[in-house]
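Please put together the full structure from these sequences, using the hints given.
Protein chains: 2
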Amino acid sequence: MSGSLAIIGLGPGSTNQITPEAGRAVADAQFFYGYKPYVDRLALRSDQHAIASDNREELARAKEALEKAAAGHRVAVVSGGDPGVFAMAAAVCEAIESGPEEWRALDLTIVPGITAMLAVAARIGAPLGHDFCAVSLSDNLKPWEVIETRLHAAAAAGFVIALYNPISRARPWQLGRALERLRTVLPETTPVIFGRAAGRPDERMAICSLSDARPEMADMATCIIVGSSETRLVRRSGKPPLVYTPRSYTGPSR
Amino acid sequence: MSGSLAIIGLGPGSTNQITPEAGRAVADAQFFYGYKPYVDRLALRSDQHAIASDNREELARAKEALEKAAAGHRVAVVSGGDPGVFAMAAAVCEAIESGPEEWRALDLTIVPGITAMLAVAARIGAPLGHDFCAVSLSDNLKPWEVIETRLHAAAAAGFVIALYNPISRARPWQLGRALERLRTVLPETTPVIFGRAAGRPDERMAICSLSDARPEMADMATCIIVGSSETRLVRRSGKPPLVYTPRSYTGPSR
Numbered sequence: 001m002s003g004s005l006a007i008i009g010l011g012p013g014s015t016n017q018i019t020p021e022a023g024r025a026v027a028d029a030q031f032f033y034g035y036k037p038y039v040d041r042l043a044l045r046s047d048q049h050a051i052a053s054d055n056r057e058e059l060a061r062a063k064e065a066l067e068k069a070a071a072g073h074r075v076a077v078v079s080g081g082d083p084g085v086f087a088m089a090a091a092v093c094e095a096i097e098s099g100p101e102e103w104r105a106l107d108l109t110i111v112p113g114i115t116a117m118l119a120v121a122a123r124i125g126a127p128l129g130h131d132f133c134a135v136s137l138s139d140n141l142k143p144w145e146v147i148e149t150r151l152h153a154a155a156a157a158g159f160v161i162a163l164y165n166p167i168s169r170a171r172p173w174q175l176g177r178a179l180e181r182l183r184t185v186l187p188e189t190t191p192v193i194f195g196r197a198a199g200r201p202d203e204r205m206a207i208c209s210l211s212d213a214r215p216e217m218a219d220m221a222t223c224i225i226v227g228s229s230e231t232r233l234v235r236r237s238g239k240p241p242l243v244y245t246p247r248s249y250t251g252p253s254r
Numbered sequence: 001m002s003g004s005l006a007i008i009g010l011g012p013g014s015t016n017q018i019t020p021e022a023g024r025a026v027a028d029a030q031f032f033y034g035y036k037p038y039v040d041r042l043a044l045r046s047d048q049h050a051i052a053s054d055n056r057e058e059l060a061r062a063k064e065a066l067e068k069a070a071a072g073h074r075v076a077v078v079s080g081g082d083p084g085v086f087a088m089a090a091a092v093c094e095a096i097e098s099g100p101e102e103w104r105a106l107d108l109t110i111v112p113g114i115t116a117m118l119a120v121a122a123r124i125g126a127p128l129g130h131d132f133c134a135v136s137l138s139d140n141l142k143p144w145e146v147i148e149t150r151l152h153a154a155a156a157a158g159f160v161i162a163l164y165n166p167i168s169r170a171r172p173w174q175l176g177r178a179l180e181r182l183r184t185v186l187p188e189t190t191p192v193i194f195g196r197a198a199g200r201p202d203e204r205m206a207i208c209s210l211s212d213a214r215p216e217m218a219d220m221a222t223c224i225i226v227g228s229s230e231t232r233l234v235r236r237s238g239k240p241p242l243v244y245t246p247r248s249y250t251g252p253s254r
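Line order of the protein sequences matches chains A and B. Sequence positions in the first sequence follow our numbering and run 1 to 254. Sequence positions in the second sequence follow our numbering and run 1 to 254.
If you are wondering where the hints come from, they were derived from the structure by calculation, not from laboratory data. Backbone N, C-alpha and C define an ideal beta-carbon position, used for all residues, glycine too. Just so you know, not all the hints are guaranteed correct.
To be verified - Below, simulated SDA-like cross-link-like pairs (lysine to any residue); rule was C-alpha separation at most 25 Å, straight line:
#1 B:Lys63 x A:Leu59
#2 A:Lys63 x A:Phe31
#3 B:Lys63 x A:Arg232
#4 A:Lys36 x A:Ser53
#5 B:Lys68 x B:Arg24
#6 A:Lys68 x B:Arg123
#7 B:Lys239 x A:Leu59
#8 A:Lys239 x A:Arg214
#9 A:Lys68 x B:Ser237
#10 B:Lys63 x B:Arg41
#11 B:Lys239 x A:Glu101
#12 A:Lys68 x B:Leu233
#13 B:Lys239 x A:Asp28
#14 B:Lys239 x A:Gly3
#15 A:Lys239 x B:Glu102
#16 A:Lys239 x B:Glu67
#17 B:Lys63 x B:Arg74
#18 B:Lys239 x A:His73
#19 A:Lys63 x A:Gly3
#20 A:Lys63 x A:Ser53
#21 B:Lys239 x B:Gly251
#22 B:Lys63 x A:Pro246
#23 B:Lys63 x A:Gly238
Claimed, not checked - Stretches of chain A that chain B covers, calculated by requiring three or more beta carbons in the stretch to come under 8 Å of a beta carbon on chain B:
#24 41-48
#25 74-86
#26 109-116
#27 143-156
#28 168-182
#29 209-223
#30 241-251
Stated by the list, open to error - Anything over 10 Å on all C-beta distances counts as not near chain B; from chain A, calculated:
#31 Asp54
#32 Glu67
#33 Glu188
#34 Arg204
What follows is the structure, given as structure tokens:
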């Protein structure tokens, strides 16, 4: 009896943004492991079983799923967005590396999904239209100094920056500090997008300048996109403005 | 008669990775503008019309599509991957900004897709499992010095780097120079992934160390992922290794 493990990206939340590949992987699995809000999105059959857990339990969840698969079951680990972007794929790889040899022999599949920054960008124009980066503001597993250094380096080099995990009850001050640090490098008119729950009924998109950006504008479901000094606003009467980063670079050669 | 424009992401190439939202947007449009290989992927009805063009004609294509939409038609612009990542969404925004007022009034929708780096990462483990960036190596619209500076800054700050547009007949030397520059910052054992045509029948994935990476390993359809100094390989007997970037940072605080 040989088990399998699929790590599945469910996209930002709308069923319209789940790929057929992900849908099929869900249909094929028997046991589903994941953070509760993601597992709750699944419409499972009576022969399928959900094992939901809290966030910040990624490694324990990964190990449990691997054990179940190694026992011969068809197992899925589900992530919102893409499982490879600040999500479960890295936790499963880490568990495999430190786990028993048999876990390395498992049939492992990773199914990509639309990650939050792509869904938010699509709602607003093309803010990621040129070089960009994605940074997690969570300092649970890396020192805060490393995060600030990365933000500074990325902004100074002209990258648009997508901020994941911007704020939570346990991490209330980090976003404010990140914005402060970015203000030391970027013009105060730099467009900032707060994209919450893209594609879901409770979606909320807001655009402001870096000088007006405030931590209170974000929650756990928000992906923030901070423009570069090249990022532009196109006003439209009766519609929200478009925000885009041009394909051409017009600044100084550095 | 009011026209509409949808900018649609077709994903990396497999129909399994096209979202239902994108499928519906294709079904709804009458006229399709895009780079020929992407337009050729569409299975159009007899009442739907494809207008294919060469690459490096993005702005002209965007203007043509906007004109057609402004004339009252339901128009689609198609991109491979995600239209917001080094693709048509930024070109359309640019055309709208410099175009007639009526283009700003058009009903504009952008439909995200699975971008190449996510599809490549999913095939190989979780190389984008922590902070990462995406850089286009095309110096058609930005000076080469800016690209090198960005690569250096990103690698030095600990970002995993996804390289888009790595090489073409018109840009033969850039990838070699980029790899040379990265070798000045990163350990020579840093894993590099050459991911070609992810999810398509002609898919080809290769993993090597930064010291062994050569420009000949890439073509126009390749997305390259260069690890950070944290990125790890997990060997598996009888299977390709997994490459992943841990969620935890174990290096020095910078």
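Hint-by-hint comparison with the structure:
Note on B:Lys63 and A:Leu59: the hinted pairing is violated, with a Cα-Cα distance of about 49 Å set against a maximum of 25 Å. Distance check on the hinted pair: A:Lys63 and A:Phe31 sit about 14 Å apart at the alpha-carbon level, within 25 Å; holds. At roughly 19 Å between alpha-carbon atoms, B:Lys63 and A:Arg232 fall within 25 Å of each other, so this suggested pair holds. Of the pairs offered as hints, the one joining A:Lys36 and A:Ser53 holds, with about 6 Å between alpha carbons and a cut-off of 25 Å not exceeded.
Our distance criterion of 25 Å between C-alpha atoms is met by B:Lys68 and B:Arg24, whose separation comes to about 20 Å. Taken as a hint, the A:Lys68 and B:Arg123 pair is honoured in the structure, with Cα atoms around 22 Å apart against an allowance of 25 Å. Distance restraint check for B:Lys239 and A:Leu59: the Cα-Cα separation of roughly 23 Å lies within the 25 Å cut-off, and the hinted pair is therefore satisfied. Of the supplied pair hints, the one linking A:Lys239 and A:Arg214 holds, its CA atoms being roughly 24 Å apart against a limit of 25 Å.
Proposed proximity of A:Lys68 and B:Ser237 is supported: the alpha carbons are some 21 Å apart, at most 25 Å. Restraint check for B:Lys63 and B:Arg41: the C-alpha separation of about 22 Å stays at or below 25 Å, so the hint holds. For the given pair, B:Lys239 sits about 13 Å from A:Glu101 by alpha-carbon distance, which is consistent with the 25 Å threshold. A C-alpha spacing of about 24 Å is found between A:Lys68 and B:Leu233, which places the hinted pair at or below 25 Å, so the restraint holds.
Simply put, B:Lys239 and A:Asp28 have alpha-carbon atoms about 22 Å apart, close enough for the 25 Å limit, and the pair holds. Between B:Lys239 and A:Gly3 the CA atoms are separated by roughly 16 Å; this keeps the pair inside 25 Å, and the hint holds. A hinted pair counts as satisfied when its Cα atoms are at most 25 Å apart, and A:Lys239 with B:Glu102 qualifies at roughly 13 Å. A threshold of 25 Å between alpha carbons decides the hint, and for A:Lys239 with B:Glu67 the separation of about 19 Å falls inside it, so the pair holds.
With a CA separation close to 15 Å, the supplied pair B:Lys63 and B:Arg74 stays within the 25 Å bound. Taken as a hint, the B:Lys239 and A:His73 pair is honoured in the structure, with Cα atoms around 20 Å apart against an allowance of 25 Å. For the suggested pair A:Lys63 and A:Gly3, the alpha carbons sit about 14 Å apart, so the restraint of at most 25 Å is met. Under the criterion of a C-alpha separation no larger than 25 Å, the hint pairing A:Lys63 with A:Ser53 is consistent with the structure, at around 13 Å.
In summary, the hint linking B:Lys239 to B:Gly251 is not supported, as the alpha carbons are separated by about 29 Å, beyond the 25 Å threshold. Simply put, B:Lys63 and A:Pro246 have alpha-carbon atoms about 15 Å apart, close enough for the 25 Å limit, and the pair holds. Between the alpha carbons of B:Lys63 and A:Gly238 the distance comes to roughly 22 Å, so the proposed pair stays at or under 25 Å and holds. Coverage of the region 41-48 of chain A by chain B is violated. Counting CB-CB distances below 8 Å, 0 residues qualify, and the rule asks for three or more.
Counting residues of the region 74-86 of chain A whose CB falls under 8 Å from any CB of chain B gives 5; the rule of at least 3 is met. Using a Cβ-Cβ cut-off of 8 Å, 6 residues of the region 109-116 of chain A lie near chain B, which meets the minimum of three, so the contact claim holds. Look at the region 143-156 of chain A against chain B: 8 of its residues bring a Cβ nearer than 8 Å to a Cβ of that chain, three or more, so the hint holds. Three residues within the 8 Å Cβ limit are the bar, and the region 168-182 of chain A against chain B gives 0, so the coverage statement is violated.
Figure legend: the region 209-223 of chain A, annotated as covered by chain B; annotation inconsistent (0 residues with Cβ-Cβ distances under 8 Å, at least 3 required). Residue count for the region 241-251 of chain A with a Cβ under 8 Å from a Cβ of chain B: 8. That meets the three needed, and the coverage hint holds. Distance to chain B confirms A:Asp54 as a non-interface residue, since its nearest Cβ pair spans about 16 Å, more than 10 Å. Separation of A:Glu67 from chain B is adequate, the least Cβ-Cβ distance of about 17 Å exceeding the 10 Å criterion.
Every CB of chain B lies more than 10 Å from the CB of A:Glu188, the least distance being 22 Å, so the non-interface label holds. Its beta-carbon lying about 18 Å from the closest one in chain B, A:Arg204 satisfies the requirement of being farther than 10 Å from that chain.
Violated hints, in rising order: 1, 21, 24, 28 and 29; the structure is consistent with all others.
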